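Those sequence lines, one after another, are chains A and B. Quick note, in the numbering used here, the first sequence goes up one by one and the last residue is 570. Quick note, in the numbering used here, the second sequence goes up one by one and the last residue is 205.
Errors might be hidden in some of the hints.
Only some residues are given here: those of chain B computed to face chain A with a beta carbon under 10 Å [unchecked claim]:
(1) Arg50
(2) Ile59
(3) Leu79
(4) Thr88
(5) Ser101
(6) Asn127
(7) Val141
(8) Arg148
Where chain A lies over chain B, by a calculated footprint (3+ residues, C-beta under 8 Å) [unchecked claim]:
(9) 64-77
(10) 89-100
In silico negatives: residues of chain B with every beta carbon more than 12 Å from chain A [to be verified]:
(11) Pro200
(12) Leu201
(13) Pro202
(14) Phe204
(15) Leu205
Derived from the structure by calculation, the hints contain no laboratory data. Keep in mind the model is a prediction, meaning the values are calculated, not measured. Ideal placement from N, C-alpha and C gives every residue a C-beta, glycine not left out.
Here's the letter readout for the chains.
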Amino acid sequence: MLEGLLIGLGAAFSFQNIVMVILGCLIGTFIGMLPGLGPMSIIAIMIPVAITIGDPSAALILLAGVYYGAIFGGSTSSILLNAPGVAGTVATSFDGYPMARRGQAGKALTVAAIASFAGGTIGAVLLMIFAPALSTVALLFHSAEYFAMMIVGLSAIAAFAGSGNVAKAVLMTLLGLMMATVGEGALFNMPRFTMGLMDLQSGFSFITLAMAMFALPEAIFLVMNPARSVQGGRKNDIKDLRITREEGRRIAPVIGRQSIQGFFIGVLPGAGATIASFLGYAIERNLAPAKEQKEFGKGSIKGLAAPETANNAACTGSFVPLLTLGIPGSGTTAILLGALIALNVTPGPRLMSDSPEIFWAVIVSMYIGNIVLLILNLPLIPYIAKVLTIPRTYLIPFILFFTLMGSYIGQNNSTELLILVGFGVCATILKFADYPLAPLLIGFILGSMLEDNFSRSMQLYDGVGFIFERPMTLGLIILAMVLIVLPSLRSRFSKKISSDVAEGD
Amino acid sequence: MQLDRWISFVILCISLIYGYSAFFVMDELLAPFLKRNPIWPSTFPKIITVLAVATSFIILLKIERPVERKSSSDMDLSELKNYKIKEAIILLALMVAYALLLRPAGFLLSTISFLSLGGVVLGERKIYLLIPITILATLIIWYLVQGVLGIFLRPLPFFL
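Okay, chain B solo, but in the shape it has when bound (with noise of 0.2 Å):
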């Protein structure tokens, strides 16, 4: 199966638990004389729950015929095997790392570590030059966010 029926597939689950939830949960919560209303907080859930599972199908069923199209720009599946899977996943496992660090390690050190990992683990060589850069880049960052926009953030790890 193509990996947009396979798509259209999980949105029918999600939609399936969504609708569940509208048409048998939220209604047994409401108070009685909301009951006398013509609107419930999950009339508008339930359309969209009949909407969805229907177009779900009709992408999982191929009732509408896609168009094959080709756009030069776009990212092909079928390239797959050429496109450095394991770069993009180890950037994201930073990213999350980043967001799990960001209030313990506070932002300055969590912020260099993030940048400077991630040139490295682009390729970049000259960590003489990455390093000092990305330690300038976030006390600019930092000043801006800090001084100029007014937000706070912890700039020092918990302990200091």
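This is chain A alone, in the form it adopts within the complex (with noise of 0.2 Å):
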């Protein structure tokens, strides 16, 4: 490991590296801090600078700053607007807003940048830990198994989207992975779901799908309702960033504890920041004595640090799946899948033994990455703040603009920007009707290893036989059904029993 850490330490230690992460975390605070731009859209929109980098390392280092950039300023102005970004960052405005209004908006920023960098920090040594150990094991994996543990993590992911509307998420998934079987796929040689159109020859584009889902229906949803791009014009005065020593020995367990939970339910695929980020919270406001369980909700700072912990641990450890098989737990780490892809590296098992100076260097910006945003953002933040006084007729005009030119540029073909508009309206319209796009996505990006897979287990076996032949496989494919099977029970089982206490009142 010590090995691994070195190369990781030489490959990221380039000025050019540091370069990306700085610029990077610079790039995602400025762009997370609006409202409604989640780290999700900011990576869709940066995916194409960085395929331009070309190397791979320096690319996943600065989408990687993008990403606990785009985190903290989420964080900052769910603290100082009530407006937070991401669902991620919801528990933090529950405590964070609170605080700012009572005038401790610099202590509330300093808090959520420690816990976050705790957080981060935590997670990146626990992902060293457990990273390498899970790829020795994924190495035993045929195609078979890893057939059925993509099947597993999207169902876990649509089972999470879902929740009570697993059936919903299950049908996005599906209908990306149709989307992923159009065009000629490397496998059979011909062209499949074309309509003989030319464009759709190479399939659909990973870039342009990305912006379309994401970053176009929140630029749509902030024209159609302008309470949702509240405008900065309050006057939060930032000052005094300092906290107490007695106030940071309050904070120390909770941000232990939120950690090491957050890391790992930022392992478990579709769970991720948000599901963390309210766990934390509700463990740390059921641990806390009774006279500052009062405090939570009005501004309490073990209420603030909690979500911020394990937001930013969860994050972290959300990189574990997608370095150790390849398979991404959440929407941000399968759009880091899809532009490693396009940059011609393989997420897997192999990438330790491989590339080891990418996976390192990955792990090392993490640790460099959470440097930055302490030392370099929380002095910055008043100055970070003033986007916020950005008026929307500048803002919203330049946002469609980039979501544009990113899928202008990774193509050269303008046929590409009407896709992209008319997928925006779709996803839309997704999305009023409370459709998760997310599955969509991961369907769509793991819809051609999935059939690669399933492709090459069924030569092997000469038919469906590798899922009897095969126990583990077995395995995956019932616990798949189980997660799909089990909430949408769950939830009829409890409407049952709400409903008759209803009736029983």
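Put the complex together from the two separate chains, hints included.
Given below as structure tokens:
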């Protein structure tokens, strides 16, 4: 591990890569602060830039920096404006915003920064310990197990993303898989479902789809609902960033506990930062003494530290399945996977042995990113917060323009822009009807890998026999089915209980 | 019928068309020797079709009872009439126009017009500020894309 760490340090400590981390963190913080633009949209917008860099480690370091920056920026807007940019920072606003209203915005931001730093750093240490171990195990996997693992991943994502609407999430995943089959696959050498259109010969572009699913609907929502882009005209005096030693002592155990909790929740596919942050908040509220419990929701420093730590640790944790199995556990890591594939890197258990410099550079960049966020962003926050005062009449056209540019640069084809607008409108309608979009994109990205592994197993075992002949495959597929069926059964059951109670009342 | 069930109906239709192609059209194009293969190009699409049709029916027939939930940050369909739909549609139309004009009109002209018109649609009235800012921003972006990233964008209209 030490050797790997040294490789990583060597790779990450080049001038170019340090510039990438700093740039990524700054861009991420800037854009992440804008309400409505979460890490997924920002990373989607940044992918074309990362791909043109060409060097996979530099590109991944840039994107990872953007990712951390965006999460930090999201917390900032939650605290200052009560406008969480992403679901993962909703819990941050519970106590962060009351603190800011009490005039302790500076203190709240410091706590958030320290909590994020600690969560991210402890997460990175855990990642360093667990990822190599997991990839050794993953090397024993055959294509049949990979196929089953991906099914488990997709099911888990659907099961979590749906939360009571599992069928919708499953349908979105299937739609993503359908879209992945469009075009000429490597396996069969024949165009499929192109409807004779040359433009579809190489399939749908991943960047266009990512923009259309995440960046464009958010921008359209910002247009439709001006209240969503809360203007930062409100005067928040951000001063007095210091916290006292006593406060530090109070949040230290919270940070310790929530880093570990967040990391392990983050590793689970589909769970991710949102669940980790809410869980962290709930755990700390229950653990707190009765006197402090009343403080929660009114500006408790513990209530702010808990979700912030858990959220960042979970983001680091979500890199585990990506780096070791090549299976993304969240929308954001799915986008990162797409970017890696575009850069000709296949994440998975072989990544560590084939290109250790990429693997370790990413891990080292996590440390650097966290430090950059702490020492660079914290003093800059009062200035960065000025971005909140950009009027929406300038902001929205620029966001739209960047989504257009992003998909144009990737393909150099203006048909792509029409596809982008078309899909963007569809995605907006889907969002209105409460259909989750992340499963669609994950399905799309995993689609070709899923089919490849499926076909390989079919060929090796001359049919679907591989499911029954390999106990692990069978076990994983049963697990996937349970994941899908259980939540809907449970919601049915709980509904029954609650309706019975209501009738009984 | 609620919007989500309409959508599931649309997806059902898409799956049926997709499935028709997978079950009936694709296999005819297959070379005879490939038919001995345990896996055909249509195998995976066929599986997806069956699953997608089944899932759309689950939503369409309300077999899985959706949990009613209200999230404060997300958009609400019942509030639709309070939203500025006209602005959104005009901006989308501008995006389509941008897509069609990018090549013939060149990057600079089309981008400056897109950004300024977008600002005007959203209610910016200080045009004397808006236009210089968009021109400056467009030039900077063009320099960054062409000069730093090395991607060619035709700056001027086709006749210049």
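Now the hints, each set against the structure:
1. Arg50: Holds: closest Cβ of chain A sits about 9 Å from B:Arg50, inside 10 Å.
2. Ile59: holds (8 Å)
3. Leu79: holds (8 Å)
4. Thr88: holds (7 Å)
5. Ser101: holds (6 Å)
6. Asn127: holds (8 Å)
7. Val141: holds (6 Å)
8. Arg148: Holds, because the Cβ-Cβ distance from B:Arg148 to chain A comes to roughly 6 Å (cut-off 10 Å).
9. 64-77: With 3 residues in contact (Cβ-Cβ under 8 Å with chain A), the coverage given for the region 64-77 of chain B holds.
10. 89-100: holds (count 6)
11. Pro200: The claim stands: B:Pro200 keeps its Cβ more than 12 Å from every Cβ of chain A (closest is about 14 Å).
12. Leu201: Label holds. Min Cβ-Cβ 17 Å, cutoff 12 Å.
13. Pro202: Nearest chain A Cβ is 15 Å from B:Pro202, so the label holds.
14. Phe204: holds (18 Å)
15. Leu205: It holds; B:Leu205 is separated from chain A by about 19 Å at its closest Cβ, greater than 12 Å.
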